[in-house]
Amino acid sequence: MSLVFLIFLPIIAAIFIPLLFKKINQIHTGWFVLVVPVVLFIYYAALVPTTMTGGTFVEELQWIPSLDIAFIAYLDGLSILFSLLITGIGSLVVLYSIFYLDKHREQLHNFYVYLLIFMSAMLGVVQSDHLITLYLFWELTSISSFLLIGYWYTRDRSRFGALKSMMITVFGGLMMLGGFVLLSIMGGTYSIRELIAQAPQLFEHEFFMWALVLILLGAFTKSAQFPFYIWLPDAMEAPTPVSAYLHSATMVKAGIYLVARFTPIFAVSGTWVWLVAGIGLLTMVWASFFALKQRDLKGILAFSTVSQLGLIMALLGISAAGFHVENPTETMFKYAGFAAVFHLINHATFKGSLFMIAGIVDHETGTRDIRKLGGLMSLMPVSFTIAMIGSFSMAGIPPFNGFLSKEMFLTAMLAIAQFELFNMDTLGILFPIIAWIGSVFTFIYSFYFVFYTFAGSHKPDLLPKKAHEAPIGMLISPAILAILVIVIFFIPNIIGDWLVKPAVSAIQPFMFATPADVNVNVSAWHGWNTELFMTLGIFLIGAIMFWTLHKWQKAYDMFPERVSLNALYDNMMLLSDTGANRFSRMYMTGYIRSYLVYMFAFLILIVLSTFIISDAFAIDTTNLAPIGFYEIAIALTLMAGTLTILVTKSRYTAIIALGAVGFAVALFFVIFRAPDLALTQLVIETISVALFLLVFYHLPQLSRKEERMKFRLGNAVIAVGVGVTMTLIALSAHANKIFPSISEFHKETVYTEAAGGNIVNVILVDYRGFDTFFEIVVLAIAGIGIISMIKLRLTKKEGRHENK
Amino acid sequence: MRTNDVMLQTVTKVVTFIILMFSVHIFFAGHYTPGGGFIGGLLTASAIVLLMLAFDIETVKKIIPVNYVVMSAIGLLLALATASASILFNVPFFTHAFDYYDLPLFGETSLHSALLFDVGVYLVVVGVTMTIIQTIGEDE
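Line by line, the protein sequences give chains A and B. For the first sequence, the residue numbers in our numbering are 1 to 804. For the second sequence, the residue numbers in our numbering are 1001 to 1140.
Looking at chain B on its own, in the form it has when it is part of the complex (with noise of 0.2 Å):
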């Protein structure tokens, strides 16, 4: 027997774009509002996971046809190529550079090597949660 999941699928169609601005957004908020690269990193697994529950994993696969376990190594790579970036500008481990720049469209920003290891921490949550749902998922 087929369920129907036609309004399931349509208003996925939908949601999963919101879903996953929001997690763009929430990513970039975190330094100074609620939000952060786990949470992030989360939301847009929620998102695609919610994609794999509309239509099924092998359609999801096509749509996005990312390996996650190479996602979760690049992630981890770059959170200890920041942390260890620092050693080369004879400042401990795991120090954090900052500054304020003037860039156009937007305005005065302030950049942060932190948010290059929230980066790595939102590829490794996305990474990690899918391969988890997808092996588990592909089981027979």
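The following block holds chain A by itself, in its conformation from the complex (with noise of 0.2 Å):
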């Protein structure tokens, strides 16, 4: 169970935060936030021995047993690797947002419950082998993003980002739900591990190829494949720290996760080498190309993000291409899956520090307008030689780790295009030529982010505040990062075996049993061949458009903003916004009288149309208990409450009449013998007689004159209607007894079973405690909403829109 609980510590954790913030504020509530991924990272770091020779963890937490959903937590390579990430990266990004948010100003309790949320609900996604449970932690993590987008809530374009990363994310894990649904039904379980074991029954099913589609809907939305990646760059509103984590090293590469998870599964089919591969690599060159249209800092961060990680993508789909192949592991295949573990490490190291440099820029000099920077390199010598670190393994240049991978992926790249399977031989050519393109412009965008930001000439003019180096602790993390970047590049098989290869025959089961298996050796200087041709074309092309870049970086202008994805969001949000409005409004009159004649239109609809068709009408007169003289004076009673109601003039008198039925009800009960019926109705209806006097006194006054209630002939056709669906209701009821009575269920077991004497009240708090609980928590959300519309009311003055 302690993996289990491991997952939840960072949630547990986040319970006390608030507290800390509020008793001991001398001290950054970050300190206390920092201990639990370090200690995470520890624990799990140790657990790397085991995993690296190919061993497993499983711990296993009941959650609804009789509905199959667990909390199961499995560590293999592939995710003793994610899980290392979101703790190591965590806590320097926890680190980096002491010293970047600022113990008074900024309400650190809602910032690190947030965080600490989403590290648990990060930690679910890669560790579950549950379908149900990964797909809730996913959905926490969508939602946890959301909140950290909109940390800064007052701010217009927080919101609009949060809202919109939401809408896309949650889309797609709706999507991804529905895969797993059909997985679960092709299969029979709900875990991986054993649809992995019978993946070769799974591509004959007819929901094969549905799951697969939506499956990597669900992954392409969250890893901001194209073209779906339009969240991410509106995602940067968040606070920088957030950025560096969820939106770089973290959450956008669950999408990679999940599809490396379910490689095993979809490897078979030719569609899933063709999606993954395709839109992997239509996303880097797309995105790579539209980062240097960026003015903000972070803004090219983001598109860079897209496009690494459509880098990634790519060559996961080229991984699951090696199922195809005969003898995978003595081709050029064996190095696809490889280099996409290893480029997500590379990824996250370089990225991570790109994004801290990109928030003490801003916190240093108060803009990200890359128009307005420049010269930093002699005021911030530190963060300069980290970006630059950063930059340049972003660009694939030796030393640093980046280079290693790039070449690894151009690699994977020239070999699918030698692929004889699914048209590749002919299209296949496309692939290497595509990857080359989008590294020229990642090597271009690298040396713009840097360079723009860093050299040039210094205009302190326009900068809101005195540009400063930024204090020792914010750089602490980005230049761990930044060593790691440079030591990855020396030590890179020390990596592989640690953490890439248990990965790597984690998703290419078919290839490599084993992590010893995996035979790839990474070595900076592998000869002269067609791949370092390729680096040093890239080299030299990029080196001379980055030079004249000035010059043609105002053809980005010329794209029109309307035909943009981002404009097919925004339309179809408004469209949908103003169509459901106006469809609202068709019919929500906001009279309660109108609702209720389409509420008892429709249950005289539905329940007579039942019966029609059912053909359920019967009555039965025998068994039929005798009509005492107490059952005629009540139903007299309650009859003559009713019409007095209908024509009295006076309200009091209607509501005083309305309480003689509910208590004529009450008698029944009492003639029926059903005491706690009768107990609660008596009270019920003195409460609400009280309660209806309170309200009608609040009522305005219509006129002066008291009228009676006029009659209205579609009123009368429903009121009768409901009561003769009602009786006919009844009286089959009372004919038609299918189904043996479930009370005498009840009578054996409420004292066996439930210690109990009195079943109604043992039903209420024990066969159906579940309802109860819900009744009791709706009850509560009633008396929220009525102290907000009473005590909350807007005043005319300030208007009806937040955001006016």
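These aren't lab readings, by the way, just hints derived from the structure by calculation. Everything numeric in this text was worked out from a predicted model, so none of it was measured. Hints may be right or wrong, so weigh each one.
[Unchecked claim] PhoX-like cross-link-like pairs, simulated, lysine-lysine; straight-line CA separation at most 25 Å:
(1) A/K791 <-> B/K1062
(2) A/K23 <-> A/K103
(3) A/K791 <-> B/K1013
(4) A/K465 <-> A/K103
(5) A/K103 <-> A/K466
(6) A/K293 <-> A/K551
[Unchecked claim] Partial list, derived from the structure: chain A residues whose beta carbon lies under 7 Å from chain B:
(7) A580
(8) A755
(9) I776
Note that the Cβ used here is the ideal one computed from N, Cα and C, for glycine as well.
From the two separate chains plus the hints, produce the assembled complex.
What follows is the structure, encoded as structure tokens:
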């Protein structure tokens, strides 16, 4: 149970954060938070020796056994890699945020609670072996991301970005849930391991293709692939630590994780290879091209993240193609999976450091607009060094880790060009070409990011603040990442053995049974081969194009905004908003009487048509109890009361008559020996009469002269219809006794099972305790609703919309 | 014009206690005979409503200085905690526990975790009913 418990550790810690924030305000709350990811990181790191030899850990906690839903923490090479990323980058980001967010001005308790929720959710995503809980954690990451993007919720852009990311990722999540349900129907299990074990049979199933497409939709929306990437640039409204953590290192990689995890199941399909590799590559080139259009530092990084995610995605697609090759371990295909995982690690290191630098620049100069920046090299030398290391690694220049994975990426792309299945022999040649173009643009925007910020002339009058180097605490985290960038370049094979190979054997079990079988050796120098010449070409063309960037960058402004994907999203939101609004206004009149008319009309329609279709109407006069004097008297009282309500001129009379009707019903309960109901009815009636009197006291006098209710034919028809319907139900229910009554079961078990004597009450608290629980929740919500309607009424001056 | 409510007030002073005692009785009786948290809560609420009718909201607020919103929240939490406590004992959500104890004064008594849940229901019912009546009543 401890592994499952560890997933929840951050959420449990989150409970104490508001308390710590309120009570201990001299110490930055972040210091307390920092303990959580650090402890988790050390714990998961201690598991690496087992996973690197192919060992796994499984622990299970039952959640809803009757529906076969459980929390299953399953740690193999892939999960442990992601867990280490989440906790490792998480620790650095928390450390960074301590210096980034002011402890007096910011609402730190909100921030860290959301962040810890996210941490739990993300750990849950990468460790769950159960489809349903995986989905649960998946949506929880979307929700915590929504909260974090909207952290500065008074800004319009923050709220817009938060909503956009939520709409797109939750849409994808729902699609994915559909895919999961199909998978579980196909395989008869929710366990991913068991599904992988029966992968060959799944391919035969008619739902296979649906499940594939739906799950890919989930992965593509989350990992910001084309055309769903549009949420990620708007998500940059979040505080920079969040962008570095969620929108670069971890959450956007959930889609990558999903594709990697399901590769063993779907690799058998050509569609999977095409879609994952194709969309990935398209995303890579598209986003790297548009990164140069951005003027905002974080905008550049957002597009670059999208592009790099596309790159990893493409590699995963190619690693799935290895399934279709004979002896893939002898060919170049063996590099794809390794390159994907390796680049994932590298990307987390260099992009994390770059985001933190963008945050530092923003923090110390007051702007992220690259047109206002420049010449910061001499003012912020440490930041500049870190930024340069990160950017050069991203551009694929040695001696930084990005060079190694970029080379392997090109190798894999060349491999797919020679692939002979699924029409790859004709179209496959496009892959290395597109990859090369994408890499050229990657090279340019990496240089654009670092040199337009730090080189050139300093423009102090354009900056809101006087620029200076960041405090040392803020530099620690990006510096650690930058050091990793260099260290990984020199020890790639150690990282490979510890982290990459175990993950690869989890992604490609059809090629590598154990991590030791992954016969990939990374070397910085690998001879004069095609990849190296391609790299040299990238450097050369990239350098020339970067040199002339100021001349052709204006060309980007020629793309019309109106036909972009963003405009499509905006229009869809606007249309659905106004459309839904107009549709609702058609029937939402604001009068309860209209709603009652709808409800009763549908009640009559549905019940009567069911009666007719199933021919259920029946009257059975045998076995009836005799009607006595009391029944007749009460029924007459009841009718008299009802009639009084209809004909009276005064509201007070109507209320009291309504009370009389209620008490008469209570008397019926007494006669029919239902003391619980009778008691409840009596008290309810008393209180509601008092309530009615209170409420009606506040109602405006409609006219000076009180009038009788007018006769309306439509209402009369519906009233009579409801009466007839209910009578028919009662009669038929008495005549058709299809099922034996459940009360026998209750009678037998009420004492033995529930240790009670009063069946009604035992039903309430035990047999159907869930119902009661939700009922009191509804009750509480109603109470809150009434308070907010009465106490928190907006005055007319404040207007209706918060975005005024 | 002030209405003369001496009689109502005098009667209320006595009757309120009777209703309150009865509501407690009904509440505890629930498991074996008619009653329970819901009806007990309603009875308590009706006793307070009677007080409000006889005197006025401000006076009643002074007599019973309870924040009913907090009361409903505590009730909800208690119900949820009772329901979830079963998870700690590794049995499904909402499994109740009971046993028989020999208590001084009461003799052999059955103690049931459903009672705790019912206390939650009781608090929510009283809390929400009073919240609604108080808010509407105070509204100008």
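Here's how the hints hold up against the structure:
no.	hint	in the structure
1	A/K791 <-> B/K1062	holds, 20 Å
2	A/K23 <-> A/K103	holds, 13 Å
3	A/K791 <-> B/K1013	violated, 31 Å
4	A/K465 <-> A/K103	holds, 20 Å
5	A/K103 <-> A/K466	holds, 22 Å
6	A/K293 <-> A/K551	holds, 13 Å
7	A580	violated, 31 Å
8	A755	holds, 4 Å
9	I776	holds, 4 Å
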